[in-house]
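**Student:** Sequence:
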Amino acid sequence: VGIPENELEAIFVPFEESSRTKSKACGRGLGLTLAKEIILAHHGEIWAENRPNNRGSKFTFRLPLRQPEGGFNKAVYSKSEVFGKIYKDRIAKLLKGFGYECNSINSLKELENHIRVNKSILIVDDDQNVLDAISLDIYAEQYTPAPVNNGFEAVRLIKENPLQYSLVLLDMMMPEKTGEQVVQEIYTVTKMYGIPIIIISGYSQTYETKNLLYSMGVVAFIEKPYTYNELRNVINHYLKQTIIPLPYSYLP
Numbered sequence: 001v002g003i004p005e006n007e008l009e010a011i012f013v014p015f016e017e018s019s020r021t022k023s024k025a026c027g028r029g030l031g032l033t034l035a036k037e038i039i040l041a042h043h044g045e046i047w048a049e050n051r052p053n054n055r056g057s058k059f060t061f062r063l064p065l066r067q068p069e070g071g072f073n074k075a076v077y078s079k080s081e082v083f084g085k086i087y088k089d090r091i092a093k094l095l096k097g098f099g100y101e102c103n104s105i106n107s108l109k110e111l112e113n114h115i116r117v118n119k120s121i122l123i124v125d126d127d128q129n130v131l132d133a134i135s136l137d138i139y140a141e142q143y144t145p146a147p148v149n150n151g152f153e154a155v156r157l158i159k160e161n162p163l164q165y166s167l168v169l170l171d172m173m174m175p176e177k178t179g180e181q182v183v184q185e186i187y188t189v190t191k192m193y194g195i196p197i198i199i200i201s202g203y204s205q206t207y208e209t210k211n212l213l214y215s216m217g218v219v220a221f222i223e224k225p226y227t228y229n230e231l232r233n234v235i236n237h238y239l240k241q242t243i244i245p246l247p248y249s250y251l252p
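Numbering of the sequence shown is given in full-length UniProt numbering, commencing with residue 1 and proceeding in unit increments.
One or more of the hints may lead you astray.
[What the hints assert, rightly or not] 25 Å max Cα-Cα, derived SDA-like pairs, lysine to any residue:
| id | residue 1 | residue 2 |
| --- | --- | --- |
| 1 | K58 | A140 |
| 2 | K240 | I222 |
| 3 | K240 | T206 |
| 4 | K224 | K159 |
| 5 | K177 | K240 |
| 6 | K177 | R156 |
| 7 | K159 | T209 |
| 8 | K36 | E153 |
| 9 | K240 | A220 |
| 10 | K36 | T227 |
| 11 | K191 | L231 |
| 12 | K36 | T144 |
| 13 | K224 | T206 |
| 14 | K177 | A140 |
Everything labelled a hint here was simulated from the structure, so no lab data went into it.
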């Protein structure tokens with residue numbers, strides 16, 4: 001049958017699905033969004049269209065043909081290599097904007113590390129698709145994503161190395177340890193180091209819950225579904241105004 005014409009663009013929006021989707025049990029509405037993000041990052045395009053005579057829908061994408069570097073082809077890249085390769089050109093432009101000269105791969109990596117100090121974002125969500133999608137988008141904004149899939153790991157990382165993180169993106173509904181429990185356990189550390197916490201949730205929070213979380217360092221709530229522009233704007237807003245204080249133990 002295909003997809004209604006007025007939904008052909010909307011299906012690429014996060015958490016959106018076609019009204020004609022047969023099963024709602026497994027899909028999260030992120031697959032096409034992630035596919036589009038990756039293709040756009042490679043300077044390509046993707047679109048959907050319906051076949052004639054109600055013969056279903058067709059998805060098409062195009063990518064520019066580029067010559068392999070060094071005359072070699074590499075079939076498989078790790079996730080970290082993909083993130084790095086997708087935005088290498090953008091990072092180089094950013095560094096040049098700061099007055100740095102990028103001459104070689106080694107020096108570029110060193111400059112990336114320098115420019116990304118205190119710009120790692122801890123992403124906490126039990127859904128791997130959500131982690132992948134947000135990580136890709138955060139890397140596009142020249143921040144380093146640090147994804148973890150449970151609250152226990154998030155608490156451990158923040159307590160062991162708080163200087164590594166400038167912001168926490170935290171899912172509210174997770175098994176075993178909820179977002180609220182994570183906030184309660186890391187509050188003293190995030191307050192000391194000035195690390196803002198942003199809650200992402202598919203459900204509205206009560207007035208009392210929001211006030212409690214605000215008092216423990218939460219600065220904003222983002223409700224699903226959201227657009228990536230909304231997410232970027234909130235992240236950039238709080239990172240630009242965040243000054244990480246030096247803990248008393250580090251003062252002379």
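**Student:** Now, for every hint given, state plainly whether the structure supports it.
**Tutor:** Hints, verified against the model:
About 28 Å separates the Cα atoms of K58 and A140, which puts this hinted pair outside 25 Å; it is violated. Using a Cα cut-off of 25 Å, the hinted pair K240 and I222 holds, with the two alpha carbons roughly 18 Å apart. At most 25 Å may separate the alpha-carbon atoms for a hinted pair to count; K240 and T206 exceed this at roughly 29 Å. Under the criterion of a C-alpha separation no larger than 25 Å, the hint pairing K224 with K159 is inconsistent with the structure, at around 28 Å.
For the hint linking K177 to K240, the alpha-carbon distance of about 30 Å lies beyond 25 Å, and the restraint is violated. Restraint check for K177 and R156: satisfied, since their Cα atoms lie roughly 13 Å apart, inside the 25 Å limit. Between the alpha carbons of K159 and T209 the distance comes to roughly 24 Å, so the proposed pair stays at or under 25 Å and holds. A C-alpha spacing of about 30 Å is found between K36 and E153, which places the hinted pair above 25 Å, so the restraint is violated.
Taking the CA atoms of K240 and A220, the gap is about 15 Å. The hint holds against a cut of 25 Å. Restraint check: the Cα-Cα separation between K36 and T227 comes to about 13 Å, which is no more than 25 Å; the hinted pair holds. For the suggested pair K191 and L231, the alpha carbons sit about 22 Å apart, so the restraint of at most 25 Å is met. For a cut-off of 25 Å, the pair hint linking K36 to T144 stands: about 20 Å separates their Cα positions.
Taken as a hint, the K224 and T206 pair is honoured in the structure, with Cα atoms around 16 Å apart against an allowance of 25 Å. Annotation: proposed proximity of K177 to A140 is violated, straight-line Cα distance about 29 Å (limit 25 Å).
The structure is inconsistent with the numbered hints 1, 3, 4, 5, 8 and 14, although it conforms to all the rest.
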